[in-house]
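2 protein chains.
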Amino acid sequence: MKIINQPIRSDWPKLCERPLFDQQDFTATVSDILDQVKKEGDQALFDFASTFDKVKLDQLQVSRSEFNQASQRVSQDLKAAIKIAYDNIYKFHFSQKTQAEVIETSIGVNCWRESRAIEKVGLYIPGGSAPLFSTLLMLGIPAKIAGCSEIIVCTPPQKNGLIADAIMYTVQLIGIDKVYKIGGAQAIGAMTYGTETVPQVYKIFGPGNQFVTKAKELCQVDGMAIDMPAGPSEVLVIADDSAIPSFVAADLLSQAEHGSDSQVILLSTSQKLIDETLIELDKQLNLLPRKDIAKKVIQNSKAILLPDMKSCLEWSNIYAPEHLIIAIENVQDFLPLISNAGSVFIGNYSCESAGDYASGTNHTLPTNAFAKQYSGVSLDSFQKKITFQELSETGILNIGPAVEIMAETEELIAHKNAMTLRLEYIKNKNND
Amino acid sequence: MKIINQPIRSDWPKLCERPLFDQQDFTATVSDILDQVKKEGDQALFDFASTFDKVKLDQLQVSRSEFNQASQRVSQDLKAAIKIAYDNIYKFHFSQKTQAEVIETSIGVNCWRESRAIEKVGLYIPGGSAPLFSTLLMLGIPAKIAGCSEIIVCTPPQKNGLIADAIMYTVQLIGIDKVYKIGGAQAIGAMTYGTETVPQVYKIFGPGNQFVTKAKELCQVDGMAIDMPAGPSEVLVIADDSAIPSFVAADLLSQAEHGSDSQVILLSTSQKLIDETLIELDKQLNLLPRKDIAKKVIQNSKAILLPDMKSCLEWSNIYAPEHLIIAIENVQDFLPLISNAGSVFIGNYSCESAGDYASGTNHTLPTNAFAKQYSGVSLDSFQKKITFQELSETGILNIGPAVEIMAETEELIAHKNAMTLRLEYIKNKNND
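Chains A and V are the protein sequences, given in the same order. Per the numbering used here, the first sequence starts with residue 36, numbered consecutively. Per the numbering used here, the second sequence starts with residue 36, numbered consecutively.
These aren't lab readings, by the way, just hints derived from the structure by calculation. A couple of the hints might just be wrong.
Which copy is meant is left open, because identical chains are indistinguishable; a pair holds if it fits in one copy or across any two.
Unchecked claim - With a cut-off of at most 20 Å between alpha-carbon atoms, the simulated EDC-like pairs for lysine to aspartate or glutamate come out as follows: (1) LYS132 to GLU149; (2) LYS155 to GLU52; (3) LYS118 to GLU139; (4) LYS114 to GLU101; (5) LYS318 to GLU459; (6) LYS337 to ASP275; (7) LYS118 to ASP200; (8) LYS132 to ASP415; (9) LYS307 to ASP276; (10) LYS114 to ASP200; (11) LYS464 to ASP276; (12) LYS114 to GLU445.
Could you put the whole structure together from the sequences, leaning on the hints where they help?
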């Protein structure tokens, strides 16, 4: 880790910049894949499964018997663990439901908002080295609570043509029955355009590799909505002498193992805490199966000593971390100062992995400083809020003349007329 | 208006498609403008004002004395009208504030969400033929309520180098002091990259012409967030024999006068209502200053006779209108059937122009069927929701083992370690 000692303020924004990775531009490749799915439908999906996933599929959709068999192979311990996570995530996201409250803005003018589910949503669950059933919990549960009438899952098949057991079990626990063995950009294409087998959806959720990310970016031009822009995962830890160095090191490493582009930052007012954390880092690092990845990330990472806690918070707000762990004394005093973060973990016992899996909060969060403008996934992500209004005669009499003057000033005379006709109608009626 | 009599169900989606307009691709032009602003800053903005707005500016920012003078020129009647709108919009958007509610998902695991303002926002207010101060109310008021610390407005200068008086007055009423005389794609560029004079922002709001729309689309690649994708404005009216034909006609026309690409649809169960509305339409149309635009829109529009009210609602949900006016008997029975709409106007007295100006709801709404996935602008648009969590020892003991198993199954061993270390620490501590 690079240790930076009390950097001057004007250097902060520069130090907060994410490193630029040399990325290939996959636009042409991904456009071609999307086009092929649009034109050839299912056939393209079978072809891509053969080319990219190295598997010859008979069917794109997971069958009932595959579901049953997969569930039987999941251990009781894992089932019990997933159930705990499920319950907590359900409870937290269910609490995000809101009741319509009618506001009488002027007498006779009632306005309110009602939530409606986005009817058709698609969840992309990456395959890769391990089955990310936790992401399925994070996306599937709020989709169900919102009441989306069509929820589909696309996830790449394994070499044996099957989907990982843990994903299959989780899908059933949530109550989703449409699962398709499709990975990569072609999955995004299938959900955007629809095929003979895969229904078209209105919004796509979920992480993925660079091809998936690029496909999600491109499909927006065809009217698709997506959960949020993507970027490498990151954690920023603010710790003082009340923090426990081995915990801080473990938290930094649990981010570092995600991938070589992960970001890890430690801010502290204590040189001692930084020193002890670095010692712990070395110790823990060497025991990790993914130590090569984690080592690379840690080498590119920064531990920054700052003069006081307020400075740490200011720095963090400039960085706008996806995950912010804050293990300091009098932490409650500092929470109001947090303005930009995806999810905040408070104290020595709130490790990121709690929120990644089972505490109940969502782990689909804004990266790459997008926490300045975006929220993480929540129940809101699966709903629209529709405004309603109902005016009475009194309402028209109260605001009608104001509308007339404003519409006339904006030179929208038909807008004015719609109000004038109603005002006259009421006047005539009341004179009768 | 094209009258369509009881079309068969399979034709509905086709009939609901928006007409495609032959649009030039402005990508290259707009990219060049954005690049020039990025490179040359203020100088580019002065140059574009001279080229596009035909005005030689001395300063980009509106001065204090310009504000004072403009306000004096606004009539007391207009000021009073704007104040009524302001109060109603403020009341409705203020009611959208939420309180953090702590959810104990498992014993010792506390999770909650807190709202934080997006710190820096930019509002684009088009100039064009008339000053759209109503849009300024719709964007500026929720930005203020959210507590955005930097709110800036860009709006094109008139030929005399000034901003329209009504906009200047409204800006002051809301309490925004940074207003810049910048229009078009260059305004979007200035807010995206920042210049010597114009601060960079995190999210851009507001309607505009095709150049502005394209610029908002392109600037997202550089990390900008925008309010929502743009499209032509539209209204769908559902009316039965309880509706008043002259009102329906006036409401259709108030949409039709917006521009030649506006969309107007009438659904009814009553041939009589359709016939009488068409007669009224002809009558009212000829009196409008913008009758040429409105006539063109009405010619391209559809009145559709359907067998029952449920069919009307189903149709409307496929179309997903920006504005839905529903003037029918027993309207309350049908509101739960509305699943896709931007804003709903209920009954004979709730004309669209009420919501466009002064009822309190927002008029920045999803067009082009985006109401299937997007909400209109609200207080939420100016905030992020940050999740927080705090676990106690008990919390760790309750969910820790589940996290360990799940992390191990996903092959994320450092994630597991972060939890294992804490579980061991607690065990050792309690054994002491």
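Hint check results:
no.: 1; hint: LYS132 to GLU149; verdict: both (11 Å within a copy, 15 Å between copies)
no.: 2; hint: LYS155 to GLU52; verdict: between (37 Å within a copy, 18 Å between copies)
no.: 3; hint: LYS118 to GLU139; verdict: between (44 Å within a copy, 16 Å between copies)
no.: 4; hint: LYS114 to GLU101; verdict: within (17 Å within a copy, 68 Å between copies)
no.: 5; hint: LYS318 to GLU459; verdict: between (82 Å within a copy, 17 Å between copies)
no.: 6; hint: LYS337 to ASP275; verdict: within (16 Å within a copy, 67 Å between copies)
no.: 7; hint: LYS118 to ASP200; verdict: within (15 Å within a copy, 61 Å between copies)
no.: 8; hint: LYS132 to ASP415; verdict: both (9 Å within a copy, 15 Å between copies)
no.: 9; hint: LYS307 to ASP276; verdict: within (8 Å within a copy, 79 Å between copies)
no.: 10; hint: LYS114 to ASP200; verdict: within (11 Å within a copy, 66 Å between copies)
no.: 11; hint: LYS464 to ASP276; verdict: between (77 Å within a copy, 19 Å between copies)
no.: 12; hint: LYS114 to GLU445; verdict: between (62 Å within a copy, 14 Å between copies)
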